[in-house]
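Participant: Sequences listed follow chains D and P, in order.
The numbers in this note's numbering rise by one with no breaks, and the one at position 210 of the first sequence is 210.
The numbers in this note's numbering rise by one with no breaks, and the one at position 334 of the second sequence is 334.
Each computed DMTMM-like pair below joins lysine to aspartate or glutamate, with the alpha-carbon atoms no more than 25 Å apart:
1. K335(P) / E208(D)
2. K382(P) / D333(P)
3. K380(P) / E437(P)
4. K335(P) / E205(D)
Beyond 12 Å from chain P on every Cβ pair, some chain D residues (computed):
5. P98
6. P152
7. S244
8. D299
Counterexamples of contact, computed for chain D against chain P with all Cβ distances above 12 Å:
9. H23
10. I57
11. P84
12. G105
13. S147
14. N167
15. V179
16. A181
17. Q242
18. L253
19. R298
20. F315
21. I317
Since the hints were made in silico from the structure, they are not lab data.
Glycine included, each C-beta is placed from N, C-alpha and C at the ideal position.
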Amino acid sequence: MRRELGMFVALVLLGVGLWASNHDFLGASNVVNLTRQIAMLGIFAIGISFVIITGGIDLSIGSIIGLTGVIIAYLSGQHYPDNPAAGGRGYSLWIGVPVALAVAGLIGLAQGLLITRLNLQPFIVTLGGMLLLRGVSQTIVGGGTLSLGDVPLANLANGGVLGSPGNPLVPYPVVILFVVALVGGYLLHFTVFGRYVYAIGGNREAAEYSGIPVRRVETLTYVISALTAGVAGVCYAAYIGQMSQQVGIAYELYAIAAAVLGGVSLRGGEGTVIGAIIGSCIMRVIDNGINMFQWVYRDASGARRVFRLDNNWTFIIIGAVILVAVVLDQVAHVVQSRRLTRRAAVDARRTPAEGEA
Amino acid sequence: MRGITKRFPGVVALQDVSLHLSRGEVLALAGENGAGKSTLMKVLGGAYPPDAGEIHVDGAPVRLSNVRDARRAGIALIHQELMLAPNLDVAGNIFLGNEGASALWGPLRRSRMRERAAPLLARVGLAHPPQTPLSGLTVAERQMVEIAKALSQQARIIVMDEPTSSLTGGESERLFQIIHQLRAEGLGIVYISHRMEEVLALADRVMVLRDGRHAGGLDRAEATHERIVALMVGRELQSHYFPERPSAPTGDVVLSVDGLLVAGAPAPVSFEVRRGEILGFAGLVGSGRTELMEAVFGARPALGGSMRVEGRVFRPQHPRDAIREGVYLAPEDRKRHGLVLPMSVAANVSLPGLRRYARFGFLDRRRERKVAAAEVARFKVKTPSLERPVVNLSGGNQQKVVLGKWLALAPRVLILDEPTRGIDVGAKAEIYRHMAELAAQGLAILMISSEMEEVLGMSDRVVVMHERRVRGIVPRAGLTAERVAALMTGQAEAAAV
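Given these sequences and hints, build the entire structure.
Facilitator: Here you go:
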């Protein structure tokens, strides 16, 4: 929890700093928008954390997010009789959404089985999945866009609970994140399954020799990862409305970055659900902060000027933050092990010297 | 266990082996590396289902086709590399795979596991609370966690593979007490070890495997060191197992180490080694010998002191600096630090001096092969070709490749960390002969060894370390097992330098 706590403090400081520079940061519209963005990332960052804690990786989730949205748009998007290629078939959302989620789950199952039954490397299998599924999405949308049109799904992204009608305080994606976090947190921290996830990441051989069904547990983590990506895909589809082949590109990397920022170790065996959420918050707050940050000052002539960050710096800043976070973490590790070494040396000195030359 | 056979592609690892273990008995399993001890253990543990033969527990036939079967039959394995998860706590490790839930989705009952762990920990004499993270425990304490885990599964048979290989003397004693206690409680114990003293001290019976076959069994009364070794190697040990060495060399000092302070060590270390001398380093595992050598080799920072090579100041910051001065290290874990396993014999031999074989940055493969061929011939490495990846060679031949890799560079000082670890008896004698030859040619050798015989048989002088201090430097005259053992276990003795 050390890492989670540190990152939580960093998050709070970041928030306070941004609020100080621009009070609109905590304004109602920005907060609603920001929490929606956090929630949509957090949902699949939690899912991929299961995989990463076992020591695996899932690169396919960005493509799964895209594909779920495309499937929903294809099946349940509004039907335009004069231009059928621009919209969907117009089936009920009660068909489109479950089919999309089922496809996501099956993709996870297939990748998990390939990895565990054939002993393939997760990186390669999910890289293949990432490219293949992206191609499937492209084929379905035919290079253009599929419009969801006027279907009630849009309400999922824009609506919410509490607040006044039309002006919700808590967007639905946040509610979904809450549910995913509760279920995910229960699974990871309070069930035998979760214990096995950690054991596999901590020492795979020990897990094997303890009679743990390692392959089944690992396969399930890929299903969980893909399913949460599917759920996030539904939210993104609702949010964007127009599904193109671009949706979800590189999202797996955001999820990995969020998880790692929140203390999920790529070495396996370490990480928490709350950490993945904190990491997602940091990613999105930085993203949002680059827009919100302003510095009001007076130039030499005394005129009032406002300094803002260039949007193009987003990736530079996020990349730098990730590097700084892992460097700080490593430094903390080294300092701690030095302290242990020193303590051991002191203990050794305390024992009386015998027969020493 | 009767008529067990296990085949792997290309080899028969076990051929018609039978084993009988009674309640309250300690059966020691001895054999050289590759004799089939570990395979037999894995068959018992359900990891390798046998190709033929049958296994009975308490008279009832059992099929062990996976780890869970073995656990149900009351068999628990304690591997040499402990099978624990360092990121879980003690209780979590004890009940790993046995959490008492019927389904994967069942709740993890931490408090109940802790309650149940407490009496088990008391039985193995571990004072830590069950919620201690495993990473905070010493190797010996972790081993007790493994035993507690076996007990938690109501194991009636515990198989231990080289359990003392990383324990200190005192910790081993503690383990033996526990083994005696378990035997008194009626458990059957299979104890795999190649440390004869332990086998003789613990075992009610000794069973020896050789080349995957049952080579013989000895009762406690008839078991002696010589008889077990004779069964292991299938012949009496030759009397010149260790080569004859000339009396202590008096050549120039090649390497002198003065007050070297290694990070983590409580006191500085000084010693010197002459041309043609083999300087042994005795001590228990963890006594600081490897760390000291890594500092000499520049792989670990030195906090103080000075070193000289042939009189010149030597201050290695990196192994490159040491290699430039002709100081080479053949590490203990040769598979991890000594060799690039998937690369060929030739590429491994040429690796440290690769620049010499390059012309304008292009590798001169003919020269590389010539040098490698010379080393392969010098050490009689058994390999079908220079292109064979070293991963396919036996331990002894791998070690020869490591030696060849450094010898190709004309060393001054060669540091050998456990030069014969994991090597069978025949290949050991060869390594010893090569060491003696190299010393005779004027090379200074620093040899870390945890095998008393090797230390006594090969060294001109022996530096004995205990808890990261030098406890004494014993010359060949007056070098006895008792004296070295006393120093390395920290027993007081007047300084002998």
